[in-house]
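Q: Residue numbers (our numbering), protein chains in the order written: chain A, 1 to 116; chain B, 1001 to 1112.
Please note that the accuracy of each hint is not assured.
[Stated by the list, open to error] Taking CB as the label site, the calculated pair distances span:
(1) A:TYR102 x B:ARG1060: 22 to 30 Å
(2) A:PRO109 x B:VAL1084: 29 to 37 Å
(3) B:SER1082 x A:SER53: 38 to 46 Å
(4) B:PRO1039 x A:GLU54: 28 to 36 Å
(5) B:GLN1003 x A:PHE61: 16 to 24 Å
(6) B:GLY1016 x A:ASN50: 29 to 37 Å
(7) A:SER81 x B:ARG1060: 42 to 50 Å
[What the hints assert, rightly or not] Which chain A residues face chain B? A few, computed with CB under 8 Å, are given here:
(8) PRO85
(9) ASP87
(10) SER88
(11) ASN103
(12) PHE107
[Claimed, not checked] Here are the simulated lysine to any residue pairs, SDA-like style, with alpha carbons at most 20 Å apart:
(13) B:LYS1099 x A:GLN51
(14) B:LYS1070 x B:GLN1009
(15) A:LYS65 x A:GLU54
(16) A:LYS7 x B:LYS1099
(17) B:LYS1099 x A:ASN50
If you are wondering where the hints come from, they were derived from the structure by calculation, not from laboratory data. Don't be surprised by glycine CBs; every beta carbon is placed ideally from N, CA and C.
Residue strings, one per chain:
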Amino acid sequence: SAVISQKPSRDICQRGTSLTIQCQVDSQVTMMFWYRQQPGQSLTLIATANQGSEATYESGFVIDKFPISRPNLTFSTLTVSNMSPEDSSIYLCSARGADGSYNEQFFGPGTRLTVL
Amino acid sequence: GQQLNQSPQSMFIQEGEDVSMNCTSSSIFNTWLWYKQEPGEGPVLLIALYKAGELTSNGRLTAQFGITRKDSFLNISASIPSDVGIYFCAGQEDTNAGKSTFGDGTTLTVKP
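Produce the complete structure using the sequences and hints provided.
A: Rendered as C-alpha cells:
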C-alpha cells in the first residue's frame, strides 16, 4: 500500500490568486493523478502527473489553469491558477504502483479549497 | 469515455442488516476496485478484484468481479453505524493509460 499526504488540508483564497497543493507519497509509485471532487459527487480526473515530463490532462482541463509538477517518483504538486469561486472543490492526489501492486490505487486525504 | 452505473444511489438501513450495491459498465474492465469515503477524508481502498468470477472478502465486506467483466458487486453483512459513508466502485482497463473510471457512489446511512 501507499500512504499519501497532502498540504494544505484546506484553504480559503481570494479570487484571482493561485494555490499550490503538495502531494507526498511514502514510497516510490509508478503513476500519480490529481482529481477534483465536489461535495457529494464522484471523482473527476484532472490529469496524470508524469515524472520528468508534462502532465497528461483530461478533456476540460488545461495546463495554464492547472499546472502540475512531478519531479520524482514520490512527489507532485498541483497549482490552481487565477482562481474563481467555481474552483471551490476538494482536490485529491492519488497514486498507483507502490510495491509492484500496479492496479491498486490509493488516495490522499484531500485539500478542501474555498474561493471567495 | 467509459461510464459506470452504480446503484443504488443511496441506502437507509437498520443496524444489523445486510447491504448490497453494484456497478455495471458497457465496457470490459480488467480490475475492479471498491472504496469507502467518509466526510472530510479521501477514498480508502477496501477491496481489489483482478479476475473474472473472483470473490474476495475483507471482514464483513465481500466483493465479486462479474463473469462478463462488465460488473461488480459489494456486499456488507451485519451493518454497523461506522459503515456510514459513500462507497465508490472503480474499473480499470489495461489500456487507456491506466486510468480508473469511477462510479457516482452509493451513500449508506445506518440507523442504530
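Q: For each hint given before, does the structure comply? Return the numbers of the non-compliant ones in rising order.
A: As far as the earlier hints go, 2, 6, 8, 9, 10, 16 are violated by this structure, in ascending order.
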